[in-house]
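Q: So you can see what is in the structure, the chains are spelled out below.
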Amino acid sequence: MFGQCLENVRRTIPLVHNITNYVTVNDVANMILACGGSPIMSDEPEDVKDITAICDGLNINIGTLNKRSIEGMFLAGARANELGHAVLLDPVGAGASALRTGTAMKLLENITFDAIRGNISEIKTLALGSGTTKGVDADAADVVREENLNVMVSFAKSFADKRKVIVAITGAIDLVADGETCYVIRNGRAEMSKITGTGCQLSGIMTAYLAANPDNKLEAAAAAVCLMGLAGETGFGYMQKGDGNATYCRRIIDAVYNLDADTLDKGANYEIR
Amino acid sequence: MFGQCLENVRRTIPLVHNITNYVTVNDVANMILACGGSPIMSDEPEDVKDITAICDGLNINIGTLNKRSIEGMFLAGARANELGHAVLLDPVGAGASALRTGTAMKLLENITFDAIRGNISEIKTLALGSGTTKGVDADAADVVREENLNVMVSFAKSFADKRKVIVAITGAIDLVADGETCYVIRNGRAEMSKITGTGCQLSGIMTAYLAANPDNKLEAAAAAVCLMGLAGETGFGYMQKGDGNATYCRRIIDAVYNLDADTLDKGANYEIR
Amino acid sequence: MFGQCLENVRRTIPLVHNITNYVTVNDVANMILACGGSPIMSDEPEDVKDITAICDGLNINIGTLNKRSIEGMFLAGARANELGHAVLLDPVGAGASALRTGTAMKLLENITFDAIRGNISEIKTLALGSGTTKGVDADAADVVREENLNVMVSFAKSFADKRKVIVAITGAIDLVADGETCYVIRNGRAEMSKITGTGCQLSGIMTAYLAANPDNKLEAAAAAVCLMGLAGETGFGYMQKGDGNATYCRRIIDAVYNLDADTLDKGANYEIR
Numbered sequence: 001m002f003g004q005c006l007e008n009v010r011r012t013i014p015l016v017h018n019i020t021n022y023v024t025v026n027d028v029a030n031m032i033l034a035c036g037g038s039p040i041m042s043d044e045p046e047d048v049k050d051i052t053a054i055c056d057g058l059n060i061n062i063g064t065l066n067k068r069s070i071e072g073m074f075l076a077g078a079r080a081n082e083l084g085h086a087v088l089l090d091p092v093g094a095g096a097s098a099l100r101t102g103t104a105m106k107l108l109e110n111i112t113f114d115a116i117r118g119n120i121s122e123i124k125t126l127a128l129g130s131g132t133t134k135g136v137d138a139d140a141a142d143v144v145r146e147e148n149l150n151v152m153v154s155f156a157k158s159f160a161d162k163r164k165v166i167v168a169i170t171g172a173i174d175l176v177a178d179g180e181t182c183y184v185i186r187n188g189r190a191e192m193s194k195i196t197g198t199g200c201q202l203s204g205i206m207t208a209y210l211a212a213n214p215d216n217k218l219e220a221a222a223a224a225v226c227l228m229g230l231a232g233e234t235g236f237g238y239m240q241k242g243d244g245n246a247t248y249c250r251r252i253i254d255a256v257y258n259l260d261a262d263t264l265d266k267g268a269n270y271e272i273r
Numbered sequence: 001m002f003g004q005c006l007e008n009v010r011r012t013i014p015l016v017h018n019i020t021n022y023v024t025v026n027d028v029a030n031m032i033l034a035c036g037g038s039p040i041m042s043d044e045p046e047d048v049k050d051i052t053a054i055c056d057g058l059n060i061n062i063g064t065l066n067k068r069s070i071e072g073m074f075l076a077g078a079r080a081n082e083l084g085h086a087v088l089l090d091p092v093g094a095g096a097s098a099l100r101t102g103t104a105m106k107l108l109e110n111i112t113f114d115a116i117r118g119n120i121s122e123i124k125t126l127a128l129g130s131g132t133t134k135g136v137d138a139d140a141a142d143v144v145r146e147e148n149l150n151v152m153v154s155f156a157k158s159f160a161d162k163r164k165v166i167v168a169i170t171g172a173i174d175l176v177a178d179g180e181t182c183y184v185i186r187n188g189r190a191e192m193s194k195i196t197g198t199g200c201q202l203s204g205i206m207t208a209y210l211a212a213n214p215d216n217k218l219e220a221a222a223a224a225v226c227l228m229g230l231a232g233e234t235g236f237g238y239m240q241k242g243d244g245n246a247t248y249c250r251r252i253i254d255a256v257y258n259l260d261a262d263t264l265d266k267g268a269n270y271e272i273r
Numbered sequence: 001m002f003g004q005c006l007e008n009v010r011r012t013i014p015l016v017h018n019i020t021n022y023v024t025v026n027d028v029a030n031m032i033l034a035c036g037g038s039p040i041m042s043d044e045p046e047d048v049k050d051i052t053a054i055c056d057g058l059n060i061n062i063g064t065l066n067k068r069s070i071e072g073m074f075l076a077g078a079r080a081n082e083l084g085h086a087v088l089l090d091p092v093g094a095g096a097s098a099l100r101t102g103t104a105m106k107l108l109e110n111i112t113f114d115a116i117r118g119n120i121s122e123i124k125t126l127a128l129g130s131g132t133t134k135g136v137d138a139d140a141a142d143v144v145r146e147e148n149l150n151v152m153v154s155f156a157k158s159f160a161d162k163r164k165v166i167v168a169i170t171g172a173i174d175l176v177a178d179g180e181t182c183y184v185i186r187n188g189r190a191e192m193s194k195i196t197g198t199g200c201q202l203s204g205i206m207t208a209y210l211a212a213n214p215d216n217k218l219e220a221a222a223a224a225v226c227l228m229g230l231a232g233e234t235g236f237g238y239m240q241k242g243d244g245n246a247t248y249c250r251r252i253i254d255a256v257y258n259l260d261a262d263t264l265d266k267g268a269n270y271e272i273r
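Going down the list, the protein sequences come from chains A, B and C. Sequential numbering of the first sequence, starting at 1, is according to the working numbering. Sequential numbering of the second sequence, starting at 1, is according to the working numbering. Sequential numbering of the third sequence, starting at 1, is according to the working numbering.
Treat the hints as calculated values from the structure; they're not laboratory data. There are no misleading hints in this set.
Cross-link-like lysine-lysine pairs, in silico, PhoX-like; alpha carbons within 25 Å at most:
(1) A/49 - C/106
(2) A/67 - A/49
(3) A/241 - C/241
(4) B/241 - C/266
(5) A/67 - B/67
(6) A/266 - C/241
(7) A/162 - A/217
(8) C/49 - B/67
(9) A/49 - C/67
Please read these numbers as outputs of a predicted model, since none were measured by experiment.
Construct all of the structure, not just a fragment, from the sequences and the given hints.
A: Take a look at the structure:
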């Protein structure tokens, strides 16, 4: 059950090494603390191998990448693979530039990832090796909907199978799949898209969940997605007159901080296909 | 009317490329979302030309500049100019160091900006080509006051005319001018100066407003300034016992998120000189 | 008295140059504003000497260090020393990697610091010249407790004496010592450890306090630690149902913003050993 995944994170306090963008990094750190993990950030090539060695998981996020941090990603990824750590890729903006698409593809070729989490446009870019993404948001034409759900579930499984990875495609409906099983998750709220970095935050949480649940990573990844969506619902319940996206961001992190295993098990809204 | 400018942003969802400092970048991103735009950040020289090409506007902010990001600013600016995108300069700390002053002056010489937004010390530095700024805040001696308003309006128009640019000088009284017309704006609250990055946030909003209102950029820039000031007033109305500058920062972003066209038109407090 | 230290900050508005990590930098900036100072951030080697020259204090924090920012740290530190500015070192993650430990040690050898603020594992690493830190948090085995307090007070004084520096070791019990006197401080709450960057924020405050109180730096450093702890207590008093670590972070900054000299003097919970 998802509640057990949550408790494993709170009990083991996984240390998560993040090479991530400077836009949302503070929220990622507070979110990893909120879910029960411990964050550390480092992107300097000379520093990353030591840092990742003392960690339990590695979260690579390519937003605001630069040549120095890209070098750090490859070094940290190789070291984390040697040590058998959980490793996640968040391909922010893959499809929006040649550098982002190319870096994501090279990372996929050179590092073994446990999971990839992105929006549908980013994942489609990785599947095709090229793409055109509207910035860091998903193209409307690609969005996972009830009408195209079967096609999208097949796409997710097929991509996961080809890359031998867990793929999490997040949006209004979230898909978390390996080659055989796909969780279709309907937690969350549309207003979450008006906050910068909810995806980055989820990638941080998911890395902690993967690190703390090595024996059932697919379930752990799905639990992280349900947790984030449920926190979006719970946090929204505390919104008051005059509140907007900035306060909502705080409330979602607060909700993750306060969520317990029983509430997650009861609130998780998913089916398996 | 300003309300129409606001609605154009919400309707067209301009994508804004930001090359900005790592201090206030998260608030800039959430503020661009709050006003109805969509933010993307990228400063790596190899990445910026692709990123800016898919955007509608470019916001260049020289806080925490470095040699790599400076190179990115020139490349992105040139590309945005080729494509006819809205381009804004926020000369954070111009006058505080030779590198900042020199970079701002070189940007002005090499890139065509639609607007420049800064405090009076920063704009005076650009007008003179040199200056002494007390950090990132305006020198008290320079501040726009009722007593020196005529002189300051003339200065703003003269600078705007010489540089063929819209200039927004923000402080207790805000001036938004081209060579002929100056909006004198009296929205906002003094407490906004106790939050880091309200200027950076306004620059992000203004870029979105310029991008979504290509046919009346001066009015759009003035609308953005009124919006920010009005949000400062509205947000302050929600402050409760124990709240301080950190919560106030959230409340201003929230207020921008919730502000509608009618409220902006009614609350905008300005005269034209 | 500590209240006088607080009033000196609010009266003189010290300008603090921060070379700090991109994870917690926004909170550091807002915290420096909240306590009555003014922040500026710059890490580019070509920029830092000019920037630090116009400031009153320099806060060097080695979280997310890179080769460029390390070069900036040495240049800024040397210049601040020449000018007699207050200079503080926050050795984030010393002991967690060779680069962090080595950089902290070299900084100690080449720059004269007024104060060093870190957790016990980081300070032990500096005392030994090597160490193994669990990420950016203190190792449980090292924590300052009532049972080992005498030993820890001696360690703090001995380290301070050897390095001719004020050392602030923060945790559940905080120690602020020079070679002869140690403040043992029992303000604060355990929940503060679930927020990223409370240590970084305190380092920013402490630099402002040192800069504004040049004649009694030990007392000023202790006042800053009491202020932060007391703000943690006050801010917690405003927590409501559903609030978690993200809101708590805001409330602590808010509490610093609202704290006055009298409240600090009455709320400071310390003994001198």
